[in-house]
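Student: We have chain A; now place chain B onto it with these hints.
Line order of the protein sequences matches chains A and B. Quick note on numbering: numbering that gives the first Met the number 0 labels position 75 of the first sequence as 74, and the sequence is numbered without any gaps. Quick note on numbering: numbering that gives the first Met the number 0 labels position 20 of the second sequence as 19, and the sequence is numbered without any gaps.
Since the hints were derived computationally from the structure, they do not count as laboratory data. It cannot be assumed that every hint is accurate.
One copy or two, either will do: identical chains are not told apart, so a pair holds if it fits within one copy or between any two.
Here are the simulated BS3-like cross-link-like pairs (lysine-lysine), alpha carbons at most 25 Å apart as the crow flies [stated by the list, open to error]:
id, residue 1, residue 2
1, K80, K31
2, K80, K124
3, K116, K29
4, K31, K43
5, K59, K31
6, K63, K31
7, K59, K29
8, K53, K29
9, K124, K29
10, K80, K116
11, K43, K29
12, K31, K116
13, K31, K124
2 protein chains.
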Amino acid sequence: MKQNRRNFLATAATLGAATAASALPFTPAKSKTPLAHHAFFWLKNPDSIEDRDKLVEGVKTLHKIETIREIHVGVVAATEKRDVVDTSWHVSELMFFSDLAGQATYQTHPVHLDFIKNYSHLWAKVVVYDAMEV
Amino acid sequence: MKQNRRNFLATAATLGAATAASALPFTPAKSKTPLAHHAFFWLKNPDSIEDRDKLVEGVKTLHKIETIREIHVGVVAATEKRDVVDTSWHVSELMFFSDLAGQATYQTHPVHLDFIKNYSHLWAKVVVYDAMEV
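Chain A extracted, bound-state conformation (with noise of 0.2 Å):
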């Protein structure tokens, strides 16, 4: 977030020497949800907009676990194409926590157990990003 900076700038002003920058590996986030997770998935059946409907259904049953702060679900953005970016998935999940026992929860929570059993026909593969923010 934009405020995060100015934030961590006033904090460290005020905590002065006892928490050198020096000290930390990172600069800390002063988000509340600093943990975002990105799930992409390919559909077994690319073509298929009824799959691909079907899963972002399933996705969005996924914002009934607590631990999850802020969930986006989403399909490829019509950007300009670039070398760099990958256009081949068809669903991403994007979720923030807390922290990493948010997250942990989130794995083997009923809902999302659920969601694995009903919806995971419909996935090839699935790639993972978790990221802490700094």
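Tutor: Just chain B now, kept in the frame of chain A:
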């Protein structure tokens, strides 16, 4: 965002048959920042903490670009090891834009071009995912 579904349902109820869901390729997201741009960088020197921190610093300069509504700079999170989780990257940037035009402006913005000029020697590879919320 968790609220989007409620907002959408309220809007859909108001609009009634004029925008029947069956006429739309997706449930339109009501987010003000529906476009997520997520870039992952692999360092040329994967073991260099100095290079990683320098790239983090570089990515943070991008927050000055006015069309970026939110920016999250990340490193690999310490979530559980699973085959589907890609932990081979080093630095990530996750940005939200209001629309495709905002992302296009970002691509050619002088601050972005300066970032590429000053920091691209640090990375060996970059992969980008552009997701439109549905």
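Student: Could you run down the list of hints and mark each one as holding or not?
Tutor: Hint check:
1. For the homomeric pair K80 and K31, the shortest alpha-carbon distance between copies (24 Å) is at most 25 Å, but the shortest distance inside one copy (34 Å) is not.
2. Taking the shortest alpha-carbon separations for K80 and K124, both the intra-copy value of 23 Å and the inter-copy value of 17 Å come in at or below 25 Å.
3. For the identical chains of this complex, K116 and K29 are neighbours neither inside a copy (36 Å) nor across copies (29 Å), given an alpha-carbon limit of 25 Å.
4. For the identical chains of this complex, K31 and K43 are neighbours neither inside a copy (36 Å) nor across copies (32 Å), given an alpha-carbon limit of 25 Å.
5. When the C-alpha separation of K59 and K31 is checked against a cutoff of 25 Å, the pair qualifies both within a copy, at 22 Å, and between copies, at 18 Å.
6. In this assembly of identical chains, the alpha carbons of K63 and K31 lie at most 25 Å apart whether taken from the same copy (19 Å) or from different copies (22 Å).
7. In the homo-oligomer, the alpha carbons of K59 and K29 lie at most 25 Å apart only across protomers (14 Å), although the nearest pairing inside one protomer, at 28 Å, exceeds that limit.
8. For the homomeric pair K53 and K29, the shortest alpha-carbon distance between copies (20 Å) is at most 25 Å, but the shortest distance inside one copy (36 Å) is not.
9. For the homomeric pair K124 and K29, neither the shortest alpha-carbon distance inside one copy (34 Å) nor that between copies (28 Å) is at most 25 Å.
10. For the homomeric pair K80 and K116, the shortest alpha-carbon distance between copies (21 Å) is at most 25 Å, but the shortest distance inside one copy (35 Å) is not.
11. In this homomeric assembly, K43 and K29 never come within 25 Å of each other (Cα to Cα): the closest approach is 40 Å inside a single copy and 29 Å across copies.
12. Taking the shortest Cα distances, K31 and K116 never come within 25 Å of each other, neither inside one copy (31 Å) nor across copies (33 Å).
13. Taking the shortest Cα distances, K31 and K124 never come within 25 Å of each other, neither inside one copy (31 Å) nor across copies (30 Å).
Checked against the numbered hints listed earlier, the structure breaks hints 3, 4, 9, 11, 12, 13; every other hint is satisfied.
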